[in-house]
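Trainee: Listed here are the chains, written in short residue letters.
There are 2 protein chains.
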Amino acid sequence: MAKLKLDISMSLDGYVAGPEPTLEDPLGAGGEQLHEWAFALKAFREPHGLEGGDEGPDSELMEEAIRSTGATIMGRKMFSGGSGPWEDDPNADGWWGNDPPFKHAVFVLTHHPRETVVKEGGTTFTFVTDGIESALEKAREAAGDLDVAIGGGAEAAQQYLDAGLLDEVQIHLVPVLLGGGVRLFGKTGGGRPKLESTRVVEGGGVTHLGYRVVK
Amino acid sequence: MAKLKLDISMSLDGYVAGPEPTLEDPLGAGGEQLHEWAFALKAFREPHGLEGGDEGPDSELMEEAIRSTGATIMGRKMFSGGSGPWEDDPNADGWWGNDPPFKHAVFVLTHHPRETVVKEGGTTFTFVTDGIESALEKAREAAGDLDVAIGGGAEAAQQYLDAGLLDEVQIHLVPVLLGGGVRLFGKTGGGRPKLESTRVVEGGGVTHLGYRVVK
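First to last, the sequence lines map onto chains A and G.
So the first sequence is residues 59 to 273, counted in this note's numbering.
So the second sequence is residues 59 to 273, counted in this note's numbering.
Treat the hints as calculated values from the structure; they're not laboratory data.
Treat each hint with caution, since some may be false.
Repeated chains share a single entry, so a pair holds when one copy, or any two copies, can fit it.
To be verified - Pairs of lysine to aspartate or glutamate, EDC-like flavour, derived with a Cα cap of 20 angstroms:
| # | residue 1 | residue 2 |
| --- | --- | --- |
| 1 | K252 | E90 |
| 2 | K135 | E113 |
| 3 | K100 | D188 |
| 4 | K177 | D203 |
| 5 | K252 | E178 |
| 6 | K252 | E94 |
| 7 | K273 | D147 |
| 8 | K100 | D71 |
| 9 | K161 | E121 |
| 10 | K273 | E260 |
| 11 | K273 | D225 |
| 12 | K196 | D83 |
| 13 | K252 | E82 |
| 14 | K135 | D146 |
| 15 | K196 | D71 |
| 16 | K273 | D83 |
| 17 | K100 | D146 |
Build out the structure end to end from the sequences listed, making use of the hints.
Mentor: Okay, structure coming up:
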């Protein structure tokens with residue numbers, strides 16, 4: 059069965075987004091620092107239609123993640139930054155224009171039903187209103203022999219983590235201190251998965267920490 | 059001038075001690091998991107008068123830290139687990155008996171004055187009541203050409219971090235989720251140092267992340 063994996067950038071003080079996110083600054087104050095390591099990479103730039111970029115261990119690691127992913131699940135906030143009914147969402151078409159970088163089926167967790175959106179290049183956005191397990195089932199079916207990735211944001215990641223549904227977690231640890239925002243591991247008393255380190259890759263300005271969730 | 063360095067074990071969710079510490083369980087619930095990697099090492103066991111232990115990268119790293127340290131600063135809680143006047147502290151002699159593992163001058167941050175205690179093997183405990191900068195000055199003098207280490211606990215570490223006095227931070231990241239307790243990086247709005255990754259060492263059940271504080 060397709061593995062469910064989470065790849066997420068985290069600050070050294072445990073935040074996956076900065077404080078006070080807005081539509082203009084969806085990652086919150088200082089949050090863009092978490093992703094700078096990725097923006098510079100060839101493996102990131104290419105699917106986003108940008109030229110050039112750094113190669114090397116970070117880029118290889120990202121290529122590997124992209125290559126092994128056959129479907130993505132994301133939260134509504136990650137998709138558009140909005141909430142509530144779609145007709146009131148100023149960014150209802152998502153962040154990625156007509157040719158999004160995914161090139162596979164994306165399942166968006168939402169409380170508001172909506173028809174599937176078919177984009178160019180193989181990306182589809184299917185809106186799932188009956189919960190995280192249903193989204194996972196649909197994503198596994200779409201992924202075939204490949205893995206399912208949690209595309210973010212923090213809340214969607216936490217929900218799958220807390221429900222014990224993740225198989226692998228890869229944390230891209232960035233040596234910045236945000237001092238506030240959204241923590242990946244924020245909850246007390248919830249089910250806390252047992253993790254086993256599988257590998258550590260030292261990158262440029264980021265350390266990639268791979269974990270397997272022990273079931 | 060002697061460098062001020064912090065070596066501290068942290069859970070993946072950012073805690074350096076578990077919730078509800080007691081005198082019997084000073085590291086809080088689950089907190090001992092943060093230090094298991096160290097307890098098994100030859101470099102830890104030897105100065106504690108214990109035989110055997112694992113050698114290898116983790117032990118070498120700890121040996122290196124011990125060898126380069128000429129003085130230690132610690133908080134009162136780290137020293138005895140208590141607070142308030144010394145005569146009311148049931149553990150006023152500290153945790154380590156007559157021959158503590160430090161073998162050098164230790165400066166204990168406290169609000170309650172007390173004469174210096176001289177132990178066997180070169181360890182002295184000097185009680186500093188006039189603040190963290192004064193303790194650092196005394197420790198630097200005692201360390202000579204070697205470094206000064208913050209021996210814990212979390213509060214002392216945070217105070218030096220927030221005051222911008224640390225030169226190096228080494229985090230021993232342990233893949234457990236404590237779900238509560240004392241965070242190393244807990245404060246919002248305070249001065250947040252800029253860190254630069256200096257090295258990553260993958261150990262057994264722990265990843266050692268070295269950072270330099272950019273001044």
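Trainee: Please go over all the hints and tell whether each is borne out by the structure.
Mentor: We went through each hint and held it up to the structure:
no. : hint        : verdict
1   : K252 / E90  : between (29 angstroms within a copy, 16 angstroms between copies)
2   : K135 / E113 : neither (30 angstroms within a copy, 48 angstroms between copies)
3   : K100 / D188 : neither (37 angstroms within a copy, 54 angstroms between copies)
4   : K177 / D203 : neither (23 angstroms within a copy, 64 angstroms between copies)
5   : K252 / E178 : neither (40 angstroms within a copy, 42 angstroms between copies)
6   : K252 / E94  : between (29 angstroms within a copy, 15 angstroms between copies)
7   : K273 / D147 : neither (39 angstroms within a copy, 44 angstroms between copies)
8   : K100 / D71  : neither (28 angstroms within a copy, 31 angstroms between copies)
9   : K161 / E121 : within (14 angstroms within a copy, 50 angstroms between copies)
10  : K273 / E260 : neither (27 angstroms within a copy, 23 angstroms between copies)
11  : K273 / D225 : within (8 angstroms within a copy, 40 angstroms between copies)
12  : K196 / D83  : neither (31 angstroms within a copy, 46 angstroms between copies)
13  : K252 / E82  : neither (37 angstroms within a copy, 25 angstroms between copies)
14  : K135 / D146 : within (14 angstroms within a copy, 54 angstroms between copies)
15  : K196 / D71  : neither (34 angstroms within a copy, 30 angstroms between copies)
16  : K273 / D83  : neither (37 angstroms within a copy, 28 angstroms between copies)
17  : K100 / D146 : neither (36 angstroms within a copy, 63 angstroms between copies)
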